[in-house]
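> Generate coordinates for the entire structure from the input sequences, incorporating the hints supplied.
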Amino acid sequence: MSAALTVKNTAADALHLENIVKHFDGAVALAGASLRVRRGTVHGLVGQNGAGKSTLIKLLAGLHQPDEGRIEIDGQTYGKLTPHQVEELGIHFIHQDRLLVPTFTVGETLFLGREPRIAGTPFLDRRLMQRRASEILNDYFGVRLPNSALISELSTAEKQIVQITRALLDQPKVLVFDEPTAALVRREADILFRLIRRLRDEGVTIVYISHYLNEIEELCDHVTVLRNGEDVATLALGETSAAAIARLMVARDIEEMFPKRSIAPGKDILTLNRLSSRGKYHDISVTLRRGEVLGLTGLLGSGAKDLIRTLFGLETATSGTIEIDGKPVRSVNPAQSVDRHLALVPEDRRANGVALDLSVTENITLSSLKRFTQLGFLDFRRERREADDLIGRLEIKAAGRDALVRTLSGGNQQKVAIAKWLSRHSEIYLLDEPTVGVDIGSKVEIYNLIGDLAARGAGIIVLSSDLPELIGITDRILVLFRGSIVREFVSPETSPDEVLAASTGSSEALRHVG
Amino acid sequence: MSVDIQLAPVIRFDPGEAAFGSARGGNLAATALRAGSLIAFAVILVVFSLTAPYFLSLGNIGNVLGQSAISGVLAIGLTIVLIAGGSNVVTGGIDLSLAANMGLSAAVYATAVQLGYGDATAVVAALVTGGLIGVVNAVAVVGAGIVPLLATLAVMNIVAGLELVLTQNTVIPAATPLLTAVSSSGPFGIPVLAYVLLAFALIAAAIVQYTPTGLRLYAVGEFPDAARAAGLAVRRLVAGAFIASGLCGGFAGILSVSNLSGSTTGSGEMLLPVVVTALLGSVFSRRLVPTVIGTLLSTLFVGFLVNGFQLLNISSVLVSGVQGLLILLVVSATTLLRK
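First to last, the protein sequences are chains H and P. Under the numbering used here, the residue at position 146 of the first sequence is numbered 146, and the numbers go up by one with no gaps. One gets the numbering used here by counting positions in the second sequence from 1 and adding 514 to each.
Don't read these hints as lab results, they were simulated from the structure. Errors might be hidden in some of the hints.
[As the list claims (entries may be wrong)] With a cut-off of at most 20 Å between alpha-carbon atoms, the simulated SDA-like pairs for lysine to any residue come out as follows:
no.: 1; chain 1: H; residue 1: K58; chain 2: H; residue 2: R36
no.: 2; chain 1: H; residue 1: K58; chain 2: P; residue 2: L746
no.: 3; chain 1: H; residue 1: K327; chain 2: H; residue 2: L248
no.: 4; chain 1: H; residue 1: K173; chain 2: H; residue 2: H84
no.: 5; chain 1: H; residue 1: K173; chain 2: H; residue 2: R39
no.: 6; chain 1: H; residue 1: K370; chain 2: H; residue 2: D388
no.: 7; chain 1: H; residue 1: K280; chain 2: H; residue 2: F312
no.: 8; chain 1: H; residue 1: K58; chain 2: P; residue 2: T694
no.: 9; chain 1: H; residue 1: K80; chain 2: P; residue 2: A747
no.: 10; chain 1: H; residue 1: K80; chain 2: P; residue 2: L746
no.: 11; chain 1: H; residue 1: K267; chain 2: H; residue 2: T287
no.: 12; chain 1: H; residue 1: K370; chain 2: H; residue 2: Q336
no.: 13; chain 1: H; residue 1: K58; chain 2: P; residue 2: A747
no.: 14; chain 1: H; residue 1: K280; chain 2: H; residue 2: G320
no.: 15; chain 1: H; residue 1: K327; chain 2: H; residue 2: G266
Computed from a predicted structure; not experimentally measured.
Laid out in structure tokens, this is it:
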């Protein structure tokens, strides 16, 4: 930044993030990820949820600071970036959550932070702001918006266009798009792609993050694949295909072992009969047996998550029946579910799975306090005994039973979340993405724990988008697509590619259904 | 999130749909509520002007303006904090120390006069007092990260305590040329305080509504992340709003000394009416956000309400009832709009 250091800039890389490590509250978000983007190219960044894309981008934006690693921009190394500095360097972000003030007009939004003034006065030139705003929107996008329209009155696509336009006003050197097409219809997306190509031809470097691999294929020059917080490959698009990228996203290192044991399934414990919820899922019939681990997977919006929430009573089904231990269950709410020995380990454990500021003991006994209460008072000694017992059995690594759960690693927090239900003597476990943000060592321990639960006769449903994991730890897998079960796989006989194809509704995969 | 790799977009090609045809005009219920409160305002004023013969006379209007000057200045100060802190009443911007600030500033002015200082020194002393209270609020909120509701509540207690120490809980009389001038009548027989309120509101409105700084205050309050992304100095702007509000408290203190010919106890009772007035003000803006002019209008509305009840010999107890009802309308409108 300083003038003395402005040597002639000949670096071929616009961005170079090297070996970035970042932890959040004990969970590993990035474990040595690198990203190298050549000047004037469109560079794709892909990876499954939890692979570390958003964290990497937030570090680049200066919103978080890396624990380790270095960031090089235009050949200059920065230890610590602030959002303001990043903007000065010409790096701009089109965020997934559109950062626009809802009560501002388009003109105010575009010029916030660099407002034009009426010449010779300290006052805003609103008329100029409005006129320039309409001109710019018209030039770049051929879009006309009423001058008085507020951001809160615009459609999602319009908001995004306003945000891109705002970035363009700064003559950016690097533009980072985070899932820009998620809310756009095809025609709007085409306009966006044309614009991105035009910008690249004008010398702007583009980083493009998307789940839609066909867009990556269509638009990008290079792509970096992130997996488990590390970059596994950077490829030129001419040499690869969407299918190859998908394989890289889900592939697994050999060292990772799935300790699946064979357990003879027992009696039926949970039966769903033509369960439907309007607009979410329909005609779901499933039987879960004691000792069985059933996998469930599907894209966002497939209904898999809603199904899990319904089973625990967080949502209601519109038709169909649920039977637990052969007895039909009518009304369901979470309190009743707990009494019926259902356990839910939610995906966002820090928000919903554990109480971060309570101790390990308090978390473990939270759902089963009745067992530890005598004459209305808690029996701390029995509570402690229970906690010590479960800490030992689950090998929870904590400074002690009185340690706050906040201080535990992600994997150990998850074990506490499961221990809570063990203490409640739960028998049907609904595990929603149980290993997201958990390091590999703890993952294996959680897999072992799931095996233990099954061996003790519990019925387990695992919802996961980590397909090798799902195949490794379950007996069979149900794939949901647009609210229906489209395929059932016997876990040992399938592959991640096959499951992925079924969950994306690929026609080839669905042909097998018959 | 479930699996979210997608090889093909699911339902995204829709050639028939107009790409940019969103619903304009916003939320119907919110619009209706806002219109409802405005109509209620208008109806009340019309009823008064028809039933109370002097209600619409120039003299009466001037009186209402003059009587509203002190609460108006305080409400405008609070408005600045509401803008920069966001409209969430619990976690957003609020300055509960404003009324106590006015009391202490007034006491400082009166004490300075008693000690033989002139008007200029006393004015500076009162404004410095108000500004310092603003600085303390700013440090507590921005520096220490305390929620404004709690931070300014604590400061309110400290300031009220200081006032007691300074005045020994008595009235300190003060009479100076400036104080006499401000409390007298101006052109058209309208109190000077009325002109002061209008001039103050115009200056504040010019700054808040028509300068880049004002626009940035709104961005900071409405959506701090967006403001940060736009490279704004969020902390500095929030701190500035609290200091501005503190200065308004100091200014109101001067007006209060003039109006009452001295410092007086019990300034804390002004607080809740001022908070209510400032919250009510957002109904006068199309975007349902706090604005200086909106707050001025709502101050005057409340002033006219009290005045109308007095002219009609109706108990002014009803004033708070009507105010409360309108607050409910306005707050539900803003809440609905933000959904």
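> Confirm or reject each hint.
Now for the hints, and whether the structure bears them out:
1. Between K58(H) and R36(H) the alpha-carbon distance is near 16 Å, which keeps this suggested pair within the 20 Å criterion.
2. A threshold of 20 Å between alpha carbons decides the hint, and for K58(H) with L746(P) the separation of about 18 Å falls inside it, so the pair holds.
3. A threshold of 20 Å between alpha carbons decides the hint, and for K327(H) with L248(H) the separation of about 45 Å lies outside it, so the pair is violated.
4. Distance hint between K173(H) and H84(H) is fulfilled; the C-alpha atoms sit about 15 Å from each other, no more than 20 Å.
5. At most 20 Å may separate the alpha-carbon atoms for a hinted pair to count; K173(H) and R39(H) meet this at roughly 9 Å.
6. Of the supplied pair hints, the one linking K370(H) and D388(H) holds, its CA atoms being roughly 18 Å apart against a limit of 20 Å.
7. Between the alpha carbons of K280(H) and F312(H) the distance comes to roughly 16 Å, so the proposed pair stays at or under 20 Å and holds.
8. For the given pair, K58(H) sits about 60 Å from T694(P) by alpha-carbon distance, which is inconsistent with the 20 Å threshold.
9. With a C-alpha separation of about 18 Å, the suggested pair K80(H) and A747(P) falls inside the 20 Å cut-off, and the hint holds.
10. Restraint check for K80(H) and L746(P): the C-alpha separation of about 19 Å stays at or below 20 Å, so the hint holds.
11. Restraint check: the Cα-Cα separation between K267(H) and T287(H) comes to about 10 Å, which is no more than 20 Å; the hinted pair holds.
12. For the suggested pair K370(H) and Q336(H), the alpha carbons sit about 15 Å apart, so the restraint of at most 20 Å is met.
13. Note on K58(H) and A747(P): the hinted pairing holds, with a Cα-Cα distance of about 19 Å set against a maximum of 20 Å.
14. The suggested pairing of K280(H) with G320(H) holds, with an alpha-carbon distance near 14 Å, which does not exceed 20 Å.
15. The straight-line distance between the Cα atoms of K327(H) and G266(H) is roughly 16 Å, inside the 20 Å bound, and the hint therefore holds.
Against the hints set out earlier in the document, violations occur for numbers 3 and 8.
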